[in-house]
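Protein sequence lines correspond, in order, to chains A and B.
For the first sequence, position 152 (counting from the first letter as 1) is numbered 729 according to our numbering, and the numbering increases by one without interruption.
For the second sequence, position 141 (counting from the first letter as 1) is numbered 145 according to our numbering, and the numbering increases by one without interruption.
Do not take every clue at face value.
Label-pair ranges, simulated between beta-carbon atoms [said to hold, decoys possible]:
1. A:Pro661 to B:Asn218: 46 to 54 Å
2. B:Lys58 to A:Leu624: 39 to 47 Å
3. A:Leu624 to B:Glu115: 17 to 25 Å
4. A:Val709 to B:Met44: 32 to 40 Å
No lab work stands behind these hints: they were computed from the structure.
Positions of the beta carbon are idealized from the N, C-alpha and C atoms, including for glycine.
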Amino acid sequence: MTEENSVKLHGFWASPFAMRPVFALKVKGIDFEYIEEDLSNKSESLLKYNPVHKKVPVLVHNGKPISESLIILEYIDEIWTDPPHLLPKDPYLRAKHRFWADFFDPTILKTLLAEGEAQKMVLDELLEKMDVAEEGLKEIFPNGVPPFEEQKPGYLDIVFYSLYGTHEAAELIFGKKFLTVERYPLLVSWVNALKQVPEVNEVTPSIPKFVELLHSIIRQRSVPPKA
Amino acid sequence: MGDEVEVRVHGMWASTYSKRVELALKIKGIPYEYVEEDLMNKSQALLEYNPIHKKVPVLVHNGKPIVESLVILEYIDEVWPDHAPRLLPRDPVDRARVRFWSGFLQNQLLESVLKLVMSSGEEQEKALDELHEKMTIMEQEMGDIIPKDISSIQSKSLGLLDIQVICTLGAYKAHEQVLGVKILDPHKHSLIYAWVNAMMDLPMIKEITPPHDNVVNFIQMIFKINPSA
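Chain A extracted, bound-state conformation (with noise of 0.2 Å):
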């Protein structure tokens, strides 16, 4: 690959978004050299394209970085214009979806890596999250969450699914099952419908990996300051 039309990605396996580019590059079928970074160590390259943040995901286009996923995923749908699109072209429906992406914030993940009482209170707000997004969703599937297969994911799906597509990992650490059809049928259908599309077995990280890793975070958070 040249520098002329070279495009490179900075990622993490554990970060969902990192997730986010590599779905999205790869249901748009772009090639791409993926760079996997260690955390703990990270590249050169890395603390160089993204030295405010220091963070993955970064994509490398032409030698030229991009950093935050949602900015990322914008900048892929300018450049590859070709079907599939990432958003739809009305503009009222991608501020929809954008809203949508927005509200679809890590919440998530600050509970996961919560303990004790303090992650029961942010599993309430996250299930409370949940229920407004279950019923608002509605808006943007009117007839139901469609299955991916002429229609390929695009932006909010992509984010849904970087947050909850490991949602058997999340059970794990809470213990108890929180993505359940009889409270969020249209999550659950819109979850499963996405497990269904091709790309997501080479995004989705391993679930014992996961709850591993998310494991060594805790364990590491709660070790007291040294004297």
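Following the hints, put chain B in place on chain A, whose structure we already have.
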């Protein structure tokens, strides 16, 4: 009052988010009707248009509501592409950079401003240092995005990032008065200082800037800070 009015903004005079939307419409020369909301007694319309967050601003275009200030700004740019100026540049790399710094102002910088206002003593000093560090990062990393030639700033060429900067930092003098700290120092952050002050002088910005004392009182009230004797 039906939906004969094409564009309506539900806002609140002290909300910088609300100002962002008004400014975007003014810059592009789009006429709109403004509805001032009493946030202690929100209108039925507001609650119907934004049932999820129940917040201002809401842009109502041909009867359809759009919420979240940054989402609204992108919408305005997309729906009125022929109304110059474009709020976002055309080139995708430049758009990504503008969105990045816009997000930085909205999230990181604002977070530090809030910490500053809500803390006191040593914690407040730390918060001020943190805010200043972020402003230093901006000056170092924004490069050519920060206008160097202040005389070139005009109302009719303002964009998304100008809007974000003026709405996040425009009230700095009021904050400095309430908190007794120096937020925007021309020696420490000369580029940002010049940028903000050049914009504050523009007629269009003056039009939407609330009176200084009103802002001071509002900040004091909101954060229950006692005015110094």
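Hints, verified against the model:
| no. | hint | in the structure |
| --- | --- | --- |
| 1 | A:Pro661 to B:Asn218: 46 to 54 Å | 50 Å, holds |
| 2 | B:Lys58 to A:Leu624: 39 to 47 Å | 41 Å, holds |
| 3 | A:Leu624 to B:Glu115: 17 to 25 Å | 23 Å, holds |
| 4 | A:Val709 to B:Met44: 32 to 40 Å | 23 Å, violated |
Hint violations for this structure: number 4 only, all remaining hints satisfied.
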